[in-house]
Structures are given as structure tokens and as C-alpha cells.
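Taken in sequence, the protein lines are chains B and Z.
For the first sequence, position 27 matches number 870 in the numbering used here, and the numbering has no gaps at all.
For the second sequence, position 14 matches number 857 in the numbering used here, and the numbering has no gaps at all.
There are no misleading hints in this set.
In the DSSO-like style, the derived pairs of lysine-lysine whose C-alpha atoms are separated by at most 30 Å in a straight line are:
no., chain 1, residue 1, chain 2, residue 2
1, B, Lys1142, Z, Lys1035
2, Z, Lys949, B, Lys1069
3, B, Lys1089, Z, Lys1089
4, Z, Lys915, Z, Lys867
5, B, Lys949, Z, Lys1069
6, Z, Lys1030, Z, Lys972
7, B, Lys1035, Z, Lys1142
8, B, Lys1035, B, Lys1089
9, B, Lys862, B, Lys918
10, Z, Lys918, Z, Lys949
These aren't lab readings, by the way, just hints derived from the structure by calculation.
There are 2 protein chains.
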Amino acid sequence: MKSVYFVEKNKMQVREFPKAQLVKETDAIIKIVRACVCGSDLWWFRGISERQPGPVGHEAIGLIEEVGTGVKNFKVGDFVIVPFTHGCGHCPICLAGFEANCPNAKDGVNGGYQGEFYRAINTDGALVKIPGQPSDYSDDQLASLTALADVMPTGFHAAKAADVHEGDTVVVFGDGAVGLCAVISAKLLGAKRIIAMSRHEDRAALARDFGATDIIDERGEEAIQKIMSLTNGYGADAALECVGTKQAIESAFQAVRAGGRVGRVGVPHDVDYNEWIDSLFWKNIQLGGGVASVARWDKEILLEAVLSGEINPGRVFTAEFSLDEIQKAYEAMDQRTAIKSLLRISEV
Amino acid sequence: MKSVYFVEKNKMQVREFPKAQLVKETDAIIKIVRACVCGSDLWWFRGISERQPGPVGHEAIGLIEEVGTGVKNFKVGDFVIVPFTHGCGHCPICLAGFEANCPNAKDGVNGGYQGEFYRAINTDGALVKIPGQPSDYSDDQLASLTALADVMPTGFHAAKAADVHEGDTVVVFGDGAVGLCAVISAKLLGAKRIIAMSRHEDRAALARDFGATDIIDERGEEAIQKIMSLTNGYGADAALECVGTKQAIESAFQAVRAGGRVGRVGVPHDVDYNEWIDSLFWKNIQLGGGVASVARWDKEILLEAVLSGEINPGRVFTAEFSLDEIQKAYEAMDQRTAIKSLLRISEV
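Working from the sequences, and respecting the hints, build out all of it.
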């Protein structure tokens, strides 16, 4: 089978591998239909973080090609979302809704989704069934379904971690694919005002389409002043940190009102939290967030919202590539000519 | 009028002052019935923190003696809780439920509650009406009503900041009056298992009476191991930090399961949060808390729970003093012969 291989900084290839095989009875082999490139993949593509050469990718949709004998909820031919999380679905942590922290998912491999076949573990808990077959859906719908493997639930996780609810004013930091999905999420959860931080016209336009009511192109101190002027000097009810930089998280802390909530889905490494934690206390601000609960949010709300057409997160894919064009798919995101790159792995 | 005066480290006196007077039309003068000494008062009593000599105390119940012309919801003779917070009740921050952060409460004075009369500001928003008159209540009930001015809502705030709900396993750090009230709160909110950290027999016994199902007298690493052994190795759903020390907050971070919540009502000053914030992210742990919403929690749930006898937070007052015995009242808490000292200011 063909699968994408990370060779070294700035260099991706498609290589031939033995076809993925069942190992455990709870495994499934997935024939990938669509996959995509994640913003987090750019860390090692750009050489900023270390990654060993090997198969990559952690977001896909596909058809179940084989199932182990222990799989109860899925059968060959089922159309599924293949999340980057691998929760077993039955431990106390999964039952509490935090599959990304499942203690039974140590064997889960984030890599190999950008390829023709992938071996999924914990099938019953980790995968999400999509009604019908790929051919029942338009290209746009398939893109939105692909977004449910990571980017959309991650944006939604930020919103849930910040307890966004009906009538809220929400500030979203980050106009990348995750930030844009956080805008969709705030809207879906009933926010009445959504302030998106963006200085790129195409992304700001998409944010507006997704429900942003205000766009702020300033950063730092000036951005905070602008947020305050939009909220009568009190600050927003919630801030969603979808960038993962020092400036973004520090601005998020300052952007919310007393009693407000900050949800984070990034981990900046150069912040001195000692400067902030007391002020969060004195302002009664809550800090939450972490790695997204993909299957949970998909099953609870997101899949239905995509199927009904209420949300269209696939619009974050502004460029589309075949498996053989993988180098271009990464470069388009690296050079910011695409917000997010979709990969057409097999025809439907 | 007589009022308690902080002279210097370890020295309290009762002194004569001009009677408290209305200043603004939204003020009320309260004839104090019961007041008490707060654990936080020990910081300056012991000379650990600075405080200027002057009137002190920030928890009381009493009768309204006079009201300003702008007060709508209270009249002379009303029996009230006098919270340490002074929220106006109508700004967006109060309406969001965070009266301790009310921007219209800058004139509020935390001092003077330990005395015969006190001038309250923002009467309509800040005070809480108690049905009937003081003479309608037993001494025990008056003690429980006094606890509603600070200590009980503060324990409850920790529990709400940690989103404690039905069926939860909750660990409470701190067996002082606030920690004991946090145990009451966890029980009131439906926690099924409440693990109280205590190494004092009298306090552990009270914690059990209040609903604690397990007592742990270890600290640090050993305490965490004990908590893990009680929770099948996963950790608790929520931890309530009611001590305000480095060890307590760090233990709270380690005591909760992935996706758990930490509520804090103390602010330790020697913690390096940079060592913890990433691990909170990777474990999807939420951190909340701050200064309590006294009137909110009293009106929403606590007053009714005291009136119905469902909770008896007044039991944290293990010693009772007259105003003239004020030095003894502080010393009893300083020397830990009392958990919390009640002051009988006027007979009912």
C-alpha cells in the first residue's frame, strides 16, 4: 500500500509499505477515503520539533476493510471517522468524556492516516460511524466529515473547556483551521457575539461566514483595548486560545471579564504562568482545556451538525491534493497559501 | 459604640467609636447580633502579613438599624446576613454571579463587623435577608447563619469552581473551617465519596459528620498514593484546595483524574506554576476559583439549606466569646484550641 513518509525537514514522500494488518482482536483496518494535513504537522515539517522519519498523519475518514473478532459495533463496509484519539470507550476516563487521556490507548499510533490503509485500535470506542457510504456525500460534505477527525472537535474542545453557552460573548485567538472551527463551535453553542482575532483577509472572511460578529486585527495591548471597548470595559465571557503562543494565552487571560473562562487547546512553552495565576484567582477566572475528545464531541453534537448542514467545517480546506502531491500539500500550509490541505486518497 | 480594634501583632482591644452613620443613600446601618473571627485574620494577628491598626472583622449577622433613601429591598428591623463581599447586584459582573469582583464595590470595608454597629454599602445587592427575627432561632441556628457571611459560601465556592456534581468523588484539602464547609458543600452538591485530608481528630470527626466518607492523614506523596488507592488508580473527579499552601495546591493537581477539576479558594505564594500548567493541559484538568460569591450562594442554596436543617455549618464554631473577650477569641484560633471563634455581640 502507498503511505506518506516523512523523510526529513521539508521533505515528504509517498512510499510503498506492506498492507496494514490486524494485530489485536479489537483492531480494524481502514481503507482511507480522505485524509489531511494538520497545523501541528508543520512543527516537525519545519524542523522546529523533532520527529523520527516514518509514516505520518492523524486525521481521516474511510471504509472498514477488516475487523477483529472482538469488534462489536462496526462491520466491514462501514463508513467511519478515524479520530486522532484512540479511547477504549469503557474505562472511567473515557466514560467521563476524556478519551484523549484513555489509559488503554497506549498502542494508538498517530501516523499512517495519510495513506491507503490504516490499522485502528480500540475500534468500538475510538471510531465514529457515518451513516451510508462515501458516494452518498458531496465533496464538500466529505471535507466536513474529514474535519471531524481532529480540527473541528479540537476547536469545539476549546469552546467546551471555556464553558461557552447561550448568549455569551466569546473571543477566539487564532485564525488557523482550529481557531476557525472554534468560531463555528462558539456559534453552535449559542454565543451571541464572537470576536475573532485575525489579520488575514481570507481567514477573517471565513470567520465571518462561520459566525464571527467582530474581527480584530490588532495584537497584544491594542487588541485587549479593542476587546474592552467592544465589551463595555468588562471583557468577554470566554476566550478560546487556539494559537499556542505566549502572546495569545496572555491576551486570553486579559480578554475575559471577572468570572470569565479561558479554554486552551495549545501549549505555549515560553510563558511565565507565575505572573498570571494570582490574577486569575483575584478575577475568578477559570482555565481549562487539553487534548480534544474527538469521538465524544462527534457523537454528541458535531456529526449531526455536519449531516444537517448546520456547520460546514470542511471550508477550512482551501486546497486539495492527491497522495502523490503530498509535498505540495505540506508546502501550501507551510507557505500559508492554504489554511488546511485536504488529501483525496481514494475515489468514492 | 464598641468595636474591636487591632492594636498590633497578637494584640486586640475593644474600643469606643462614634456610632456608624449612613454616608450614601444605598447604605444601611446594621446592629450586629453575631460576628466571628476568620482564619484569614490570623495572618495579620500573627504578624505574617501587614495590617494597619484599626477596626476589623468581615463576617456578621444583624438587624437593620437604619437604611438610606435609595434602599429598596430592605427596611429597618430586617434580619440580615452581612457578607464580606459588597456587590451592587446590578452590574454585569454581579449579574454573572461574581459579586466579589463588583466594580461598584470599591467603598466596601472589610473591617468593623466585629463591633456593635456596621455601615454596609450596596445594601440591596450585598445583604441577604433572613426570614423572621433573631429570637426565632436557636443559638446553633444563629451560628449557622453567621457562617453564611463568609466561611460556608467560601467552601461552597471551592466546590462550585470545581464543578462538583451528583456522584462525584471529591478530595478536600484543608480541615480548617473553610475545608470543613467544603466537605458540607460537596455533600450538598451530591458527591458520593468525599475524601477529607485531616490529621486532627476533632476536625476529622466533624468532617465525617459533615459527610466525609474517608479521612487521609498523610500528606504529600503518601497522600497522593492513598487517594489513588481509593480511586482505582485514576484520581478523584474534583479536588478542593482550602488551605492556601504550596503542598496543598500541588497535591490537588495530582489528586484528580484526567479531565478532573481543581477549585481553589486560597492563594499560596511559593508555588512554581510553570512546573504544573503543562501537566494540567495534558491531563485535561480545569483550574477555577477565587473570592466567593457570598450573596449568590446564600440566596441560591445555602440559606435554605440552613433553614431546613440540611446543613449545620455553625458547628465549625467550637468556641464562643463576648466582645470583651476578643483577645481570647483570637488566641483560641491562633493556638488551635478552637476551629473558629463565634462572637456574641448582642442578645436576641
